[in-house]
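Novice: Just so you know, the protein sequences line up as chains A and B, in that order. Under our numbering, the first residue of the first sequence is numbered 3, with each subsequent residue one higher. Under our numbering, the first residue of the second sequence is numbered 568, with each subsequent residue one higher.
Honestly, the hints are just simulated from the structure, not real lab data. Check the hints yourself; a few may be wrong.
[Said to hold, decoys possible] Residues on chain A that point at chain B, a partial pick, calculated with CB under 10 Å:
hint: 1; residue: T143
hint: 2; residue: R145
hint: 3; residue: G169
hint: 4; residue: D173
Model, not experiment: these values are computed from the prediction. Yeah, the Cβ is synthetic: ideal placement off N, Cα and C, and Gly gets one too.
What follows is the residue order along each chain.
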Amino acid sequence: MIVDRGRRRTLGALAAGAVASSSLVRAAEAFLPGPQPGPKSALSRALVALARRPGVVLPDGALAPALVESGLGAAVARAAGEATPVAAMRRLFRPTDVVGIKVNCLGGRGVSTHPQVALQLAAFLQAAGVPAGRIYVWDRTDRELRAAGFALSSSGVRVFGTNDAWGDLADWGPSASRFARVLVEDLTAVISCAVLKDHSLAGVTLSLKNWYGVVHNPNKLHAEGCAPYVAALSAHPLVRDKLRLAVVDGSLGQCQGGPGPAPNWSWPYGGFLASTDPVALDTVGWQVIEARRRELGLPTLAADGREPRYLAGAATLGVGVGEATRIETVEV
Amino acid sequence: MDRRGFVGSLAASGAGCAFAGARALAAGPLQDPFGPGTALPVEEGGLHPVPARWNRPLPGGAVECGVCPRACRITEGERGTCGTRENRKGTLYTLVHSRPCSVGLDPVEKKPFFHVLPGAAVLSLATPGCNLECRCCQNWEIAQARPEQVPSSTLPPDEVVALALRKGARLVAGTYTEPVVFSEYLLDIARAGRARGVRTLMVSNGYVQEQPLAELCGAIAAYKVDLKGFEPGFFQRHTGGELRHVLETLRRLKRHGTWTEIVALVIPTQNDSEAEVRALARFVRDELSADVPVHFTRFHPAYRLQNLPSTPVSTLERCRDVARAEGLRFVYLGNVPGHPGESTYCPGCGQLLVRRMGMAVAENRLQSGACPGCRRAIPGIWS
């Protein structure tokens, strides 16, 4: 990995420049495609921001609010090349967007996206001008959200499960699925807010594997180490075109025994990772897990026969940068 | 969802329940399949978790499912490929026991069983889920879904049997989706039915492990296997599974002495070569029996396979001719209503034995399971 503490401000200039007046903004929005973090496939390099906040996990398992705000904020800001998380959100999202924060609650209260992290992202978005009513925190089911500690909400920032609201069948290559109706019909932009976790078949589950929660048949997508499925799903226009930011809640990590919770393999990593490039983000997150495995004397995922091959597949499909030498990891 | 709404959803789903041309059966989705009702604890999403029967624990709290050859290794909170079996704190649960999503009354010919009580009514039922993903799945709305995504209601085994009897059916079939994934439920139905004279049928892809199959064979009356191809590469591409496991199921069914019929869905350009059909026929003849009925069935575009035409009838006739030439004695054409290939003929004297029109029996000349002309015994379940 290359550590580069410089900044890049090459993206989003169009949106940032069109601020002469609110009417101009509205006029521009009518014609422009809106804020975009990519085109990812054209990037020769990618940046992943990593904020370590040791102590963010409190003895009772809750997260320290100030450290969440500080760490997550620093990572988000740096990922977008801005000084603050609010500026970052302003750069990546419009007030007129409907933003979905896709969390991963499969691990219950063990290793799931922490509610504080998702809601902190929502707070940054609101401070950037996205109304609360246009921010959705969602996952597959109400049941899983509740089990992970989320309070469901139908007002303000909405928190809900897709449950049985799935769209029409879409054939996306390796499989055919119904996508979550909220993704198909409502959301204009998405944040993948994933976890830092080992996966017994895929190798790791980070921001790309998180998309298994937006289709109705994830159980059909686990052959071949999930590789063709994760790659193709992350390249689907419904996903790729709406993704603006990818975040990994690494306050707690799990380096073995996933995707279910395995407390004996969890550790308080105290990290928040963010990038506009989900492949680069997952490549860095994978290495964090590998490092922990080395510390514990576990074999590498490759030696365990479950290297996350889907990363190379996603890179080939233009979802992002998967080559480690082309990824800048910036600690903030 | 209340019961009336559930039944309505069945009619609307088109989940393989409706049929045309059947003899005087009150056929199709049942208007009121439920009796007074049995209250079972049902979780949010309509799940009714019951400990799964065939599995073994693995280190670290994972479980290996033992129902089908996939042998899914399922970690905490996850489900197997079928989407119906979930690991909860190291225990594997089936989420669909007693929770059918489709219940209907069909003629046995619809399954199809042509050598089981011709014209008999069958109470057909399904729960959501399947362990394969066939590209032309007819019932994908329920077969390729997870239990909480499909409206279901509660119908415990005893009530299934009682319902069948109320509707004049002496047969119950696990069908429409894949009964292997609800094997525990079907096994309990079969055992409950035996005591009351109701027999149970499996209408299955045959993707099942030895132990559950052995237990099912001890309780059911007949097993129909969808043999979706006879070329391993095609089978894998088309279903996501491995052909060898289905062939092994067929061999095991023979060893168990369970009455078996085979459906071979013929898909134009995909699995309709003479060589493949001939190989299939030789397998049946040499490893099973020339008396095993084989139904060459017409494909219609569905699910992910929309780019091919329906199978020409001439292709099915060619398949039948090849299979007969290889010595199979009971070869049928399926999904071709009115075709002579739907009927049963005596392999001894050639006399027409059972004349079928669509899924209806127009005439049954069998006498105590034998040809009235030459007295040759015809294999099957006739009484």
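Novice: With reference to the structure, classify each hint as holding or not holding.
Specialist: Going through the hints against the structure:
A distance limit of 10 Å between C-beta atoms decides the matter here; for T143/A the minimum to chain B is near 7 Å, and the interface restraint holds. Because the beta carbon of R145/A sits about 5 Å from the nearest beta carbon in chain B, less than 10 Å, this interface hint is met. Because the closest C-beta pair between G169/A and chain B is about 12 Å apart, greater than 10 Å, the hint is violated. A least Cβ separation of about 5 Å between D173/A and chain B falls short of the 10 Å threshold, and the interface hint therefore holds.
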